[in-house]
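J.: Chain by chain, the residues run as shown.
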Amino acid sequence: AQSVTQPDIHITVSEGASLELRCNYSYGATPYLFWYVQSPGQGLQLLLKYFSGDTLVQGIKGFEAEFKRSQSSFNLRKPSVHWSDAAEYFCAVGEPDDYKLSFGAGTTVTVRA
Amino acid sequence: DTAVSQTPKYLVTQMGNDKSIKCEQNLGHDTMYWYKQDSKKFLKIMFSYNNKELIINETVPNRFSPKSPDKAHLNLHINSLELGDSAVYFCASSQGTEQFFGPGTRLTVL
Chain A
1 AQSVTQPDIH ITVSEGASLE LRCNYSYGAT PYLFWYVQSP GQGLQLLLKY
51 FSGDTLVQGI KGFEAEFKRS QSSFNLRKPS VHWSDAAEYF CAVGEPDDYK
101 LSFGAGTTVT VRA
Chain B
1 DTAVSQTPKY LVTQMGNDKS IKCEQNLGHD TMYWYKQDSK KFLKIMFSYN
51 NKELIINETV PNRFSPKSPD KAHLNLHINS LELGDSAVYF CASSQGTEQF
101 FGPGTRLTVL
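Respectively, the protein sequence lines represent chains A and B.
Position one of the first sequence corresponds to residue 1 (this note's numbering), numbered consecutively onward.
Position one of the second sequence corresponds to residue 1 (this note's numbering), numbered consecutively onward.
No wet-lab data here; the hints were simulated from the structure.
What you are looking at is a predicted structure, and each value in this text was computed from that prediction instead of being measured.
It is possible that part of the hints are untrue.
Listed below are the simulated SDA-like cross-link pairs for lysine to any residue, each with C-alpha atoms no more than 20 Å apart in a straight line [what the hints assert, rightly or not]:
id, chain 1, residue 1, chain 2, residue 2
1, A, Lys100, B, Asn50
2, B, Lys40, A, Ser14
3, A, Lys100, B, Tyr10
4, B, Lys40, A, Ile9
5, A, Lys100, B, Asp30
6, B, Lys40, A, Val57
7, B, Lys22, A, Asp8
8, B, Lys41, A, Arg22
9, A, Lys100, B, Asp38
10, A, Lys100, B, Gly28
11, B, Lys41, A, Ala113
12, A, Lys100, B, Met46
13, A, Lys100, B, Glu98
14, B, Lys36, A, Gln2
15, B, Lys41, A, Arg69
16, B, Lys40, A, Ala87
17, B, Lys41, A, Val57
18, B, Lys44, A, Gln45
19, B, Lys40, A, Ala105
20, B, Lys41, A, Pro96
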């Protein structure tokens, strides 16, 4: 079974600074990988996804993520954060032909002025 | 034009009561899900239906019973509510692997 680890529980970053959120997965083959964002009191919104092909994927809101098979990682990055990026970020992994997603524990991002 | 909607948004009730949460999606998806998010924000899948058929049933107390009257709806009924049922419950739908989430229902059991 697959599992997801997000090593950072909480990250504080200054507005305008860069952001990187870590995600490591455990799965035998190449999984489907996702990053979701949850703003306070809201549901989850998909930022980006990786199924195959180019290992650097672009998402919404200026986010990108890079799949590194050798490190079993799918880290999320943004070059310059905005105050509105303060939220909970979840990495998730799914298997081809399977309906189930496994989520990491989430990383809380705080943006300071 | 809400894609996945849930009602109610908030639900406060006493221990031992029975309550239902409703979910509707207008995306034409075949598969719908219920997730539970606990106080530490950990998300765990509970159930999934595909074309009204149950396909995922994780280790959930049988006090929880999902019902899918049609492809667009997946309701969650909870009997004999307990304090530990307090959480945010998310409905989601998918056509393939990408899942679209509803806004959540915050259930508080007193």
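J.: None of the hints should be skipped; say for each whether it holds.
T.: Going down the list of hints, with the structure as the test:
no., hint, in the structure
1, A/Lys100 - B/Asn50, "12 Å, holds"
2, B/Lys40 - A/Ser14, "24 Å, violated"
3, A/Lys100 - B/Tyr10, "26 Å, violated"
4, B/Lys40 - A/Ile9, "10 Å, holds"
5, A/Lys100 - B/Asp30, "14 Å, holds"
6, B/Lys40 - A/Val57, "29 Å, violated"
7, B/Lys22 - A/Asp8, "34 Å, violated"
8, B/Lys41 - A/Arg22, "17 Å, holds"
9, A/Lys100 - B/Asp38, "18 Å, holds"
10, A/Lys100 - B/Gly28, "19 Å, holds"
11, B/Lys41 - A/Ala113, "25 Å, violated"
12, A/Lys100 - B/Met46, "10 Å, holds"
13, A/Lys100 - B/Glu98, "10 Å, holds"
14, B/Lys36 - A/Gln2, "19 Å, holds"
15, B/Lys41 - A/Arg69, "27 Å, violated"
16, B/Lys40 - A/Ala87, "14 Å, holds"
17, B/Lys41 - A/Val57, "26 Å, violated"
18, B/Lys44 - A/Gln45, "16 Å, holds"
19, B/Lys40 - A/Ala105, "8 Å, holds"
20, B/Lys41 - A/Pro96, "26 Å, violated"
In the structure shown, a violation is registered for the earlier hints numbered 2, 3, 6, 7, 11, 15, 17 and 20, in ascending order.
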